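Enquirer: In case you want the letters, here they are:
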Amino acid sequence: MRRAIAGLAIASLAALSASLVAAEESPLQRAGRGAARVNFEGTLRIRWFDGVTARSELLSVRGANGSVVVRGGVAAMASPGQRLVEHAGGVWDLLWPSDQVGSGRPDPALKYQIAAAAVATVSGRPANVIEVRHGGALLERLALDQASGLLLRREQFEGAGGEPSRTVEFETVTVGGATAAPERPQTIVNVAPEPVAAPKAAAGLAGGYQRIGVYKRSGVTQLLYSDGLYDLSVFQQAGRLDRSHLPAGADVELAASTGVRYAWPGGHVVVWAASGMVYTAVSDAPLSQVLAAARSLPLTSGSPSLLRRLRQVCRALIQPLA
Amino acid sequence: MKVDFGRRGHLGDLLSGLLDGELTQRAVEAAQAHLSVCPACLHELEDVGAARAWVRGLPVVEPPAGFYERVLRDEPPEETPVVARFPGVGGIGFGAPSLRRKVLAFAGSAAAAVALLAVAAPQQDPVSPPVNRLVEAHATGASLGSDPLSRLAPLGVPVTFRK
Amino acid sequence: MTEEDVPSWGEIARKYGRFLYNVAYRLTGNDDDAQDLVQEVLLRVRKGLERYQPGSMEGWLSRITTNAFLDDVRRRRRRPLDLLPEEPDTVLPPVAGADADFEASALSADVQRAVRGLPPDYRSAVVLSDVVGLSYQEISDALDVPIGTVRSRLHRGRALLREALR
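Protein chains in written order, with the working numbering: chain A, 1 to 322; chain B, 1 to 163; chain C, 1 to 166.
Quick caveat, the hints were computed from the structure, so don't treat them as lab data.
Among the hints, a few may not be true.
[Claimed, not checked] Simulated restraints on C-beta separations:
1) B:Val-60 with A:Thr-121: 40 to 46 Å
2) A:Asp-251 with B:Arg-8: 48 to 54 Å
3) A:Ala-197 with B:Pro-126: 27 to 33 Å
4) C:Ala-164 with A:Gln-100: 51 to 57 Å
5) B:Arg-26 with A:Ala-178: 43 to 49 Å
6) A:Lys-200 with C:Pro-119: 54 to 60 Å
Computed from a predicted model, the values in this text were never measured in an experiment.
Ideal Cβ placement from N, Cα and C applies to all residues, glycine included.
All chains, please: the whole structure from these sequences, using the hints.
Expert: Structure representation (structure tokens):
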């Protein structure tokens with residue numbers, strides 16, 4: 001009897017595994033559909049390493065009728081067709097006006113090995129655990145609620161130590177039931193980007209990151225890339241990097257310059273400048289992937305080379321004398 | 001630590017202790033158990049967390065021009081350094097007179113070099129990326145068609161980049 | 001403890017000037033009072049330096065700054081005919097609309113104004129925790145009050161801020 005049950009469990013895992021790979025979507029996309037389908041409420045614990053110490057914060061979260069709001073000191077809301085962030089005073093910035101991004105993400109199975117691991121109890125609920133590996137190294141372990149598909153825990157691994165470098169998990173959660181829908185924001189400031197055509201922007205970056213959209217918002221161009229699991233944005237602003245107002249971070253070498261990197265609760269940020277352009281890369285991918293992608297970015301020349309400028313100056317000086 | 005649920009059986013200032021990671025493990029568990037059944041405390045947690053984050057998000061303010069000169073005016077003479085190392089506004093004011101002349105001479109030739117580079121390199125606007133806002137723009141975009149919890153939750157923690 | 005362990009007054013003034021100014025600015029809410037407070041703090045630093053035990057310089061300086069701030073508050077209360085504190089620095093109106101700037105200066109000014117509106121005891125706790133980043137124990141040492149009092153002042157201060165910023 002026990003062997004039969006074990007066989008059934010293994011068969012279920014295999015079916016789950018196969019279904020994940022065949023679906024051409026990442027487990028995070030599946031979790032997103034779970035969050036949109038079910039009512040839930042609880043507290044989320046985030047743990048991350050800020051480069052100096054391990055940090056931990058507790059947030060409250062509520063989801064109902066397809067809308068999700070997460071609240072710490074800042075509130076962020078995902079509702080059908082919108083993504084908003086509130087800083088204070090009930091004023092929400094509308095950052096994205098639709099549910100879809102760009103041309104769709106590539107198949108994550110082209111780069112990653114995604115497989116079901118053992119079932120577990122997470123946040124007091126039975127969960128399917130999915131592991132994502134790259135070249136054999138474990139990068140993600142996700143626990144999805146068996147009943148609803150809601151993400152109960154996400155662990156990201158970057159070091160060799162075996163401990164997660166970043167974790168988001170429910171400390172308390174109630175799924176189903178009469179949860180009040182998040183209040184519709186009263187005051188919305190539209191800071192949605194406009195999609196722009198940028199044929200010269202790199203179609204791909206190292207590590208299988210494909211460009212899925214280009215946007216412009218308040219003078220900043222955002223190149224959005226994805227490898228199917230992680231999204232990576234490269235923001236571009238013409239000018240020279242003024243480090244004096246940047247927060248202190250860790251120096252990092254890129255192709256033609258020294259940049260500065262930061263850890264934030266959701267991933268990594270790298271800021272650098274080259275050829276008259278200031279770049280900011282943001283992603284929840286492992287740092288090694290972010291740096292490889294950043295180094296592979298073909299540099300758009302924002303200004304002529306120094307040698308060409310010197311020649312122009314000399315010509316301008318000499319010509320009137322000729 | 002005895003967990004005292006204070007007035008009307010609510011968590012009160014234990015919420016700040018929870019946010020700041022200053023409660024014992026037993027107190028944390030008791031507080032979390034209470035939060036799972038008390039919408040009022042959950043709402044208060046949101047409120048207090050918001051206020052905490054706003055203050056943490058206040059930018060570093062630069063002292064006004066002349067601040068360091070005024071402050072260091074009171075410096076005892078025996079402590080005057082050989083090389084002035086403080087930030088550049090009105091920077092060169094200390095040190096032995098011969099050193100000052102050498103520094104000024106260097107500054108003169110440096111200025112000439114800078115002038116040459118200015119001819120050769122057109123001035124570009126200084127850019128300081130608004131990192132917080134770019135992170136928000138990325139993370140909200142990454143949540144589109146994906147899991148909102150793990151992608152939006154980090155935004156609930158305002159980034160302060162403090163040491 | 002050797003002489004090398006204890007920084008000189010000048011080293012403290014240079015290295016921590018910006019830090020002191022920020023703590024003072026967040027406590028007093030305006031530039032002139034902040035500069036006066038920093039001058040007073042550095043005077044106390046000069047007198048107290050020989051008693052300094054190497055450890056957390058920022059904690060030690062925060063203690064001196066907060067005590068100097070609260071001493072000044074108490075002194076002003078005893079002399080009600082003193083000039084009112086100056087208005088905080090000019091606030092730029094928020095920019096809204098599709099071209100909304102990414103600058104958060106308007107929000108910062110509102111938050112700073114709300115901090116300045118807190119009673120001094122709550123304001124000190126909030127600044128030491130959320131601007132300086134001290135632990136409850138460090139704040140307890142700086143303010144010379146029990147940890148429970150730190151927690152309740154901090155909580156009450158944050159609740160008042162939230163009300164002020166609705």
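Enquirer: Each hint needs a verdict: does it hold in this structure or not?
Expert: Going down the list of hints, with the structure as the test:
1. B:Val-60 with A:Thr-121: 40 to 46 Å: This hint holds: roughly 45 Å between Cβ atoms.
2. A:Asp-251 with B:Arg-8: 48 to 54 Å: Since A:Asp-251 and B:Arg-8 have Cβ atoms about 53 Å apart, the given range 48 to 54 Å holds.
3. A:Ala-197 with B:Pro-126: 27 to 33 Å: 29 Å, holds
4. C:Ala-164 with A:Gln-100: 51 to 57 Å: 40 Å, violated
5. B:Arg-26 with A:Ala-178: 43 to 49 Å: Violated - the Cβ-Cβ distance for B:Arg-26 and A:Ala-178, about 31 Å, lies outside 43 to 49 Å.
6. A:Lys-200 with C:Pro-119: 54 to 60 Å: 58 Å, holds
Hint compliance for this structure: hints 4 and 5 are not met, and every other hint is.
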